[in-house]
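K.L.:
Sequences listed follow chains G and A, in order.
First residue of the first sequence: 68, per the numbering used here; consecutive thereafter.
First residue of the second sequence: 12, per the numbering used here; consecutive thereafter.
Any given hint could be a false lead.
What the hints assert, rightly or not - Taking lysine-lysine pairs in the DSBU-like style, the calculated list, with each CA pair at most 35 Å apart, reads: (1) Lys98(G) / Lys219(A); (2) Lys286(A) / Lys236(G); (3) Lys219(A) / Lys319(G).
Please keep in mind that the hints were generated in silico from the structure rather than gathered at the bench.
Predicted, not measured: the structure shown is a model, and the values here were computed from it.
Below are the chains, spelled out letter by letter.
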Amino acid sequence: MATDPSMVDPLAEAETAPPVVEPGQRKRLSKWRLYGRRFTRNRPAVGGVVIFVLLVLFALFGPLFAKYDHVELDFLALSDPPSPEHWFGTNNAGNDLYAMVVVGLQRSLLIAVVVATGTTILSAVIGTAAAYFGGRIERVALFVIHFLMVAPTFLLLAMMSNSSGGDWKVIALVLILVSWFFQARTIWTLSLSLREREFVHAARYMGVPGLRIVFRHLIPNIGSLLVINFTLGVVGAVMAETGLSFLGFGVKLPDVSLGSLIGIGASSISSSPWMFYFPAAALTLLTVSMALIADGLRDALDPTSAAGGRA
Amino acid sequence: MVVAVTNLTYFLAWAYLDPRSNYVGRRPPLSEQQIVNLLEPRNLDDGTPLLVRWWNWFSGVLFRWDWGVSPTGQSVNDQVAYRMWISAELMLGATILLTLIGIALGVYSASRQYRVGDRVAQGTSIITMNIPIVVAALGLVLLAIAFNGAVGTTVFYVTGASSPGVSGFFPTLVDTIQHLTLPTLALVIVGYAQYHFLQRSLLLDNIKSDYVRMARAKGLTKQQAIRKHALRTSLIPVTTQVAFSIPGIFTGAVLTESIFAWKGMGQYFIETISKNDINGVVAVAAFGAVMTAIGAILADIAVVVLDPRVRVS
Chain G
68 MATDPSMVDP LAEAETAPPV VEPGQRKRLS KWRLYGRRFT RNRPAVGGVV IFVLLVLFAL
128 FGPLFAKYDH VELDFLALSD PPSPEHWFGT NNAGNDLYAM VVVGLQRSLL IAVVVATGTT
188 ILSAVIGTAA AYFGGRIERV ALFVIHFLMV APTFLLLAMM SNSSGGDWKV IALVLILVSW
248 FFQARTIWTL SLSLREREFV HAARYMGVPG LRIVFRHLIP NIGSLLVINF TLGVVGAVMA
308 ETGLSFLGFG VKLPDVSLGS LIGIGASSIS SSPWMFYFPA AALTLLTVSM ALIADGLRDA
368 LDPTSAAGGR A
Chain A
12 MVVAVTNLTY FLAWAYLDPR SNYVGRRPPL SEQQIVNLLE PRNLDDGTPL LVRWWNWFSG
72 VLFRWDWGVS PTGQSVNDQV AYRMWISAEL MLGATILLTL IGIALGVYSA SRQYRVGDRV
132 AQGTSIITMN IPIVVAALGL VLLAIAFNGA VGTTVFYVTG ASSPGVSGFF PTLVDTIQHL
192 TLPTLALVIV GYAQYHFLQR SLLLDNIKSD YVRMARAKGL TKQQAIRKHA LRTSLIPVTT
252 QVAFSIPGIF TGAVLTESIF AWKGMGQYFI ETISKNDING VVAVAAFGAV MTAIGAILAD
312 IAVVVLDPRV RVS
């Protein structure tokens, strides 16, 4: 009687060789391969990654091709349309717009990444710690969160960054300060159920200190949410920063960001529209590509999502 | 909470804004005494102790509902009362339109999940939702200028809420529409997608539920089942969201108003900060906080009215 080799109990019939799973017969996908496959199946998301990488490369290596510095003035070319000499044209003072867009993109990207990182870390630690420790820590954290929710944050943002004199580090710091708490509240609600799970109880009864439970067990479990929050945070930070700079409350000359460039372009939009086209295109590509990436990540990381098809 | 926030804003505003700087460096230069004489009656002189200034302001609000004056002497009450309606004129139409479009698209794409229509609608919405409002608004301005140039007359006005010297009902109506179209379009383009995604995911949750399958089993067509059973339940959270956004009609849109030069609340917000108008800043913050609170109350009321499962004792 021939038995199916996979049906043999390796403990009961130790003499026979243990069943070997043929490689390639039924491959187990690793976690990352699975995520990668689900992500690449989402074609807009892949497009978003491509656009975003191109933008980053442009911000990093764009200055190598620039013929002018962004503060350098070319008095022979005032308000010139795009030409071989000035690829994106010049403004009314003779600044080369190509150099300004590259610098502005760098600035906007830097602020966005710093803000998104800070916001994600701060919200993750405070949200999970508040849920895990409970008691007084939780009450204090929630009080601060609820207070900030009612506070006129955009006003604070405008006043504080206005008085900072346009230093991008201050703007980034203030942006972190006014944007962490919404995410922290979501994470707190999620962690409430997480802290009642068996592995957390087990860790606690094994004597693992509280902070280590937070960092080793709670935060990794909301990892996919944090990744998505990070990408959406980049979009939000870019929008907030460019909005502020557009109004003149954010990054100030001689430093430029995409927002302040659009602000300058807006004042002369009918006479020299290229002043608006190029920074606006860079900004839109940046936000849209990041949003597409976030959407793809959500489908790839969420086990209940069916948008990416099977597996 | 609102009162506490407002008072805190008052102190914060004093920490960051300096009305005195409006008068320093003027030509011809004003003497110290002249500046004090200008600021003192407006309760904006930083020579008087902060607590005294605060009490003057707070008692004025408390007992006379007087929110103070700007550094140039305009009443903040008048400004807010006037600008509120300008913002409302802009935001009312936009809010209605973007809600309706968003919900309609959400229903459409939920009932055709993962088919071409749904994919296209979702892709478009992701893109439009993430176009910065500044870019959308200025892009529309460029298009409108090109259009006006092509037609030969000014069809769309790109600045202001109305032209001077227009009277009569129909000329005023036409004039208003000419000014309203562009900012409304900009707001709708970037705003509708949130309702699209919300409505779509909520409706999908309901379409998969047992009572909708039951309705289908009774012999209703898919359209009927969605309209009569799934849509009704899924509209409740959407309505809450809409109710929450209604007060936003009066607080206005900062960027849109400043691009299209509408003198509404959003533009007032920028103006007060850049002109060191402390009383104005605080009034804007308080107005915003009250409107948020009203929004929360409206949302609660909407749930109670619409959802029979919620009972208020």
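K.L.:
Now, for every hint given, state plainly whether the structure supports it.
P.N.:
Against the structure, the hints:
Between the alpha carbons of Lys98(G) and Lys219(A) the distance comes to roughly 29 Å, so the proposed pair stays at or under 35 Å and holds. Proposed proximity of Lys286(A) and Lys236(G) is supported: the alpha carbons are some 25 Å apart, at most 35 Å. Distance hint between Lys219(A) and Lys319(G) is unfulfilled; the C-alpha atoms sit about 52 Å from each other, more than 35 Å.
Violated hint: 3 only; the structure is consistent with all others.
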